[in-house]
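There are 4 protein chains.
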Amino acid sequence: MKAGIVGATGYGGIELLRLLTNHPQVKAITLFSSSQAGEKFENIYPQFRGGESYVLHDLEPEKMKEDLDVIFLATPSGVSSQLTPQLQGSHAKVIDLSGDLRIKEPATYEQWYKKEAAPDGTLGNAVYGLPEWNQEQIEKADLIANPGCYPTATLLGLGPVVKEGLVKPDSIVIDAKSGVSGAGKNPNPITHFAHAQENFQIYKVNQHQHIPEIEQQLTIWDDQLEPVTFSTHLVPMTRGIMATIYLQLKEGMSEEDLRQKFKSYYEPQPFVRVRESGGFPCTKDVYGSNFCDIGLTIDARTKRVTIVSVIDNLMKGAASQAVQNMNLVFQYDERTGLAPLPVYP
Amino acid sequence: MKAGIVGATGYGGIELLRLLTNHPQVKAITLFSSSQAGEKFENIYPQFRGGESYVLHDLEPEKMKEDLDVIFLATPSGVSSQLTPQLQGSHAKVIDLSGDLRIKEPATYEQWYKKEAAPDGTLGNAVYGLPEWNQEQIEKADLIANPGCYPTATLLGLGPVVKEGLVKPDSIVIDAKSGVSGAGKNPNPITHFAHAQENFQIYKVNQHQHIPEIEQQLTIWDDQLEPVTFSTHLVPMTRGIMATIYLQLKEGMSEEDLRQKFKSYYEPQPFVRVRESGGFPCTKDVYGSNFCDIGLTIDARTKRVTIVSVIDNLMKGAASQAVQNMNLVFQYDERTGLAPLPVYP
Amino acid sequence: MKAGIVGATGYGGIELLRLLTNHPQVKAITLFSSSQAGEKFENIYPQFRGGESYVLHDLEPEKMKEDLDVIFLATPSGVSSQLTPQLQGSHAKVIDLSGDLRIKEPATYEQWYKKEAAPDGTLGNAVYGLPEWNQEQIEKADLIANPGCYPTATLLGLGPVVKEGLVKPDSIVIDAKSGVSGAGKNPNPITHFAHAQENFQIYKVNQHQHIPEIEQQLTIWDDQLEPVTFSTHLVPMTRGIMATIYLQLKEGMSEEDLRQKFKSYYEPQPFVRVRESGGFPCTKDVYGSNFCDIGLTIDARTKRVTIVSVIDNLMKGAASQAVQNMNLVFQYDERTGLAPLPVYP
Amino acid sequence: MKAGIVGATGYGGIELLRLLTNHPQVKAITLFSSSQAGEKFENIYPQFRGGESYVLHDLEPEKMKEDLDVIFLATPSGVSSQLTPQLQGSHAKVIDLSGDLRIKEPATYEQWYKKEAAPDGTLGNAVYGLPEWNQEQIEKADLIANPGCYPTATLLGLGPVVKEGLVKPDSIVIDAKSGVSGAGKNPNPITHFAHAQENFQIYKVNQHQHIPEIEQQLTIWDDQLEPVTFSTHLVPMTRGIMATIYLQLKEGMSEEDLRQKFKSYYEPQPFVRVRESGGFPCTKDVYGSNFCDIGLTIDARTKRVTIVSVIDNLMKGAASQAVQNMNLVFQYDERTGLAPLPVYP
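Protein sequences, first through last, are from chains S, Z, P and A.
For the first sequence, this note's numbering begins at 1 and goes up steadily by one.
For the second sequence, this note's numbering begins at 1 and goes up steadily by one.
For the third sequence, this note's numbering begins at 1 and goes up steadily by one.
For the fourth sequence, this note's numbering begins at 1 and goes up steadily by one.
A few of these clues could be false.
You can't tell identical chains apart in this list, so a pair holds if it fits in one copy or across any two.
[To be verified] Only pairs whose alpha carbons sit at most 25 Å apart, straight line, appear in this in silico DSS-like list of lysine-lysine:
id: 1; residue 1: Lys40; residue 2: Lys27
id: 2; residue 1: Lys65; residue 2: Lys2
id: 3; residue 1: Lys250; residue 2: Lys168
id: 4; residue 1: Lys115; residue 2: Lys185
id: 5; residue 1: Lys250; residue 2: Lys303
id: 6; residue 1: Lys104; residue 2: Lys115
id: 7; residue 1: Lys40; residue 2: Lys263
id: 8; residue 1: Lys140; residue 2: Lys65
id: 9; residue 1: Lys263; residue 2: Lys168
id: 10; residue 1: Lys261; residue 2: Lys163
id: 11; residue 1: Lys104; residue 2: Lys140
id: 12; residue 1: Lys263; residue 2: Lys250
id: 13; residue 1: Lys204; residue 2: Lys185
Everything labelled a hint here was simulated from the structure, so no lab data went into it.
Looking at chain S on its own, in the form it has when it is part of the complex:
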């Protein structure tokens, strides 16, 4: 099959390219970049010389949708809301890694993103690409809204307990931490090395645009849930997200019963690993992989549940989850082209 990547010079695009060059079903890759069209990719990133040589192409939606089987949009927010309508109704499947197509309610998108929402028809067609929970819809989709990095970690950590209706509605607090690559490749004072190194920073307190994405899915699972508290922090590392999730249960249950619920949901899933009693993952456990690792406990003193969910923000939080979605859309084994083990140390 033939794949295209729009926004190939950003961090998400780079990782997509790396993954697709390893994918046995992908026979051709075309890169697009409106700002750097005509340049050779390997001249911008000499570290990617060595395999095939790629030129960056300008966007030609009409041609793209004829020539390609799948188009990945690894673009900043505000781009795919405009571009996707031009690519719809075509042969090519579209997988959007930005936030533009994730929020079903245009007003909510516009409130949190401060940008114009995509047309209703486009939003209506987009399937939320969280494979562990939406596999059937994904397999039939033409258009995938690939989840955000924080929502992926958070929703996989909360899914089993929220879906079962076990959670006290106003009790959820999500304390999330991310490596700096989540902020993208454009330099700024917050991500300047001399500032970010030996530093731990909180940002966008109660204002992160991933909050409505998280709440949208949580309330699909349990419409009684109230808004959640969600905080984001920058860790002095490049990759990795940990969501430490706190909640209260409506009724008492044992830690082992809770763990069993997680296991029964996730044992069929190749990319979610639930730890045994006493075990909690760290972000390096999933570095460079498509895994989401989950640990959990119930505090005997407070009865509060703590769930720890980790992913690689550029992989399961972006590029490798997009490939997982592609595999499902094209009926390949979900694991195709996705390395079975993380990179350690």
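Following the hints, position chains Z, P and A against chain S.
Chains Z, P and A in isolation, oriented as in the chain S frame:
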């Protein structure tokens, strides 16, 4: 005055030495180390050559309590519970940086520390050395239990709101993050560079020995409070703690009213800085200093309060707070010998 | 084919396992560990659960050499010198990642490694596994001495210019820098996070055991060369080696002529990339890959040549080079199972 | 005395402010910034609130030179060449931390800095402020050119052996490594965290503007010396420089004789520490201090000398060396206001 440091080769002891060599009232410093007695300090740490030369002395409690005006115990837990009784009733004031004398209830200490508690008489004499809240007692004390690093950040962040009785009793969640130096200088697999770098780890979930220390002080302020949820994480950096604190208020109040409460408590305090609306500190804001910086907000959607409190774990969380306590005990200006500005970048 | 890894719990062994699970020709992998035999690998490293489940087996050389097609020895120095003789003369090919079989002269090995050398017969059979320079010998070998991390970067950087006899014999200075994973997984004070972070350290000045390995190959290429100066430093990062190499030429030549010599040697080589004029690689350019990237220049003022050579010390400096050697020994395409692109950022 | 800092919002200016607020002789500090005049310093850097409050003033050279006793110029290159002439011939002493006044030969400055040189009269008055070698001149100076960070480490490492005429003229190679703060506070792709972390980069190969500064001083000591090879690398840490220096001696000498030469020069110097045999410093040994630590050895095999010199680039490489110069100019004890011990860990 003459000062002694027991456990001078640990991270807390090293920082104490650095601070005391800068302190205008300290005329002589004696270092003690039972394990390395007889060695020259500068042979173990050649980076500390350059000023005075120090030999490590063996412990001689009878002699120490005669010769010295103040004795700092920068020892692992389990040492000062045994040593302090031998130093009491003497000329020398004792400031203990370990956890041994902080918990008033011996059974609680033994449950969380898995060690024998100090004798009742010693525990009874020890004053909890949180200067912003205990100044009067500290000034009269012979024996100070210097607070733990996490409790310092947490209690300074919670003090104003708990003391005023504003907090819903079962609502407090503290998500704390620390640099790796908090784990001390002994190498182990968790703090091995190749494991800890590019990694974010959670540890001792619901089991950290600082929990009872936090709850003891919180319930002094508000005896209606229930046990808190407190989680600890390792950040890939050497120094710094951030406590992100979540709570619900019993009754609605405006963010500005809440901020004013913090300001009215802390404006007289030289080492606590409350940020203005929209401002939140990062750990580098207090690097190498005795400051605790606090930011806060109330989420309009969830009504939940978020308080962010940062310190340098080796400074306000250990050595510089011990010097601040010494200043109070000896009636010096609280700021003596403590640098007015943090190290940045 | 069936592969075995001895010393599977070390950093080299872990990376080998990750690569071999991705290798299309490897149908079965057996792990060996004398110290942890009987344990499940995924219980030691829960992050490696998710694919196949591995048990650590005790060493049984007689059985191993019958059952396996290739045996990787990812063991500390001093092990394979004893083990390899028991595995020789068998069906299985042996690839040793330690330093035991690299030095042909037993007295030299014993001087630098302070250990007993392998028997002469074993040393005589071992082929130095630097594929870009020894491909023919490697393809016929039963026993491979996989090069050290520093020698790989250094020799690939020096090969073209030394082989051509262009270098002034006493002029070579190699200033090498490595990420901390090169020191292995055992914690110690030098690699303790709080010491190694925000720190740049020099170690084993003029005494690193890779010096004789480098000189042995250099004098094969040019027997007029004198001993080299070789320094090693620890960089506060996990992976990556840069060798900054300085030398004087016997006779003047242009930078472009020099670059052409490098290109003519390395253009047929899939894993060595020579940068264009003005371009120099950084270690992240090869992270997680089998590439060695090389930049070079001649200073118009001093006439001195500077060559910069970077690798990932755990990949081209250990595990992926071992797989590259396996591919050559078994007549697979050299690139089989080795990802075409590095991991970035 | 009254001090002024021009360029107070850069990294050098910030550190100067921190040091001057600790200096017992400095009674008033005025901050200047042409780009941010009128702003409160603590609004730009909330972490510096807590002591005195500073407003950023616009530059008024006539007023400054009357009101102030010392003016520090912590400005980018190209500023003080224009500003200093307006400040000369006044009451105020001027200490310039930029490169503008270090190079005596205007053409050389213009070649390396690509900027117009300062007027001859200004250059002629400027004394190179390397206190360990120029103390007498500094004490009489009105205008100090504070040395660059790399030249400080390099020249202190080379001084004793070059001054004695022991070095083979074309043999010096300096392989220098710096923390990222050396690149200043303006974000760019090279210093972006996600790029610079887990990365080791070489830059400006043979083209660094500190080369002529180094050679100027070296040839003052030994006019037979030829141009040196000098390479610069970025280490993924915030602070610290290590210069690893290689050279050949004209004639054989023992390592101990060489060490004695260093000791005899530096034992009277409070801020240079020469290590004993077998000892080499790391950058953390001098973190946050004005020390330069030096280790050295002669390789028995190659006869080449290796000298390792470390400083904190923002301290001895900039701000604290400027304060040391101020102390000398004003006849204070050289150590006044400079902490006796580094910050560790």
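Hint check results:
For a Cα distance limit of 25 Å, the shortest separation of Lys40 from Lys27 inside one copy, 20 Å, qualifies, whereas the shortest one across copies, 38 Å, does not. In this homomeric assembly, Lys65 and Lys2 come within 25 Å of each other (Cα to Cα) only inside a single copy, at 11 Å, whereas the closest approach across copies is 45 Å. Taking the shortest alpha-carbon separations for Lys250 and Lys168, both the intra-copy value of 5 Å and the inter-copy value of 18 Å come in at or below 25 Å. Taking identical chains as interchangeable, the C-alpha atoms of Lys115 and Lys185 lie at most 25 Å apart only when both belong to the same chain, with a minimum of 21 Å there against 31 Å between chains.
For a Cα distance limit of 25 Å, the shortest separation of Lys250 from Lys303 qualifies both inside one copy, at 10 Å, and across copies, at 20 Å. Taking the shortest alpha-carbon separations for Lys104 and Lys115, only the intra-copy value of 14 Å comes in at or below 25 Å, while the best inter-copy value is 56 Å. In this homomeric assembly, Lys40 and Lys263 come within 25 Å of each other (Cα to Cα) only across copies, at 20 Å, whereas the closest approach inside a single copy is 47 Å. In the homo-oligomer, the alpha carbons of Lys140 and Lys65 lie at most 25 Å apart inside one protomer (18 Å), although the nearest pairing across protomers, at 50 Å, exceeds that limit.
When the C-alpha separation of Lys263 and Lys168 is checked against a cutoff of 25 Å, the pair qualifies only within one copy, where the shortest distance is 21 Å, while the shortest distance between copies is 34 Å. Taking the shortest alpha-carbon separations for Lys261 and Lys163, only the intra-copy value of 10 Å comes in at or below 25 Å, while the best inter-copy value is 40 Å. In this homomeric assembly, Lys104 and Lys140 come within 25 Å of each other (Cα to Cα) only inside a single copy, at 18 Å, whereas the closest approach across copies is 62 Å. In this assembly of identical chains, the alpha carbons of Lys263 and Lys250 lie at most 25 Å apart only when taken from the same copy (20 Å versus 37 Å across copies).
In this assembly of identical chains, Lys204 and Lys185 lie within 25 Å of each other by CA distance both inside one copy and across copies; the values are 19 Å within and 23 Å between.
Of the numbered hints listed earlier, not one is contradicted by the structure.
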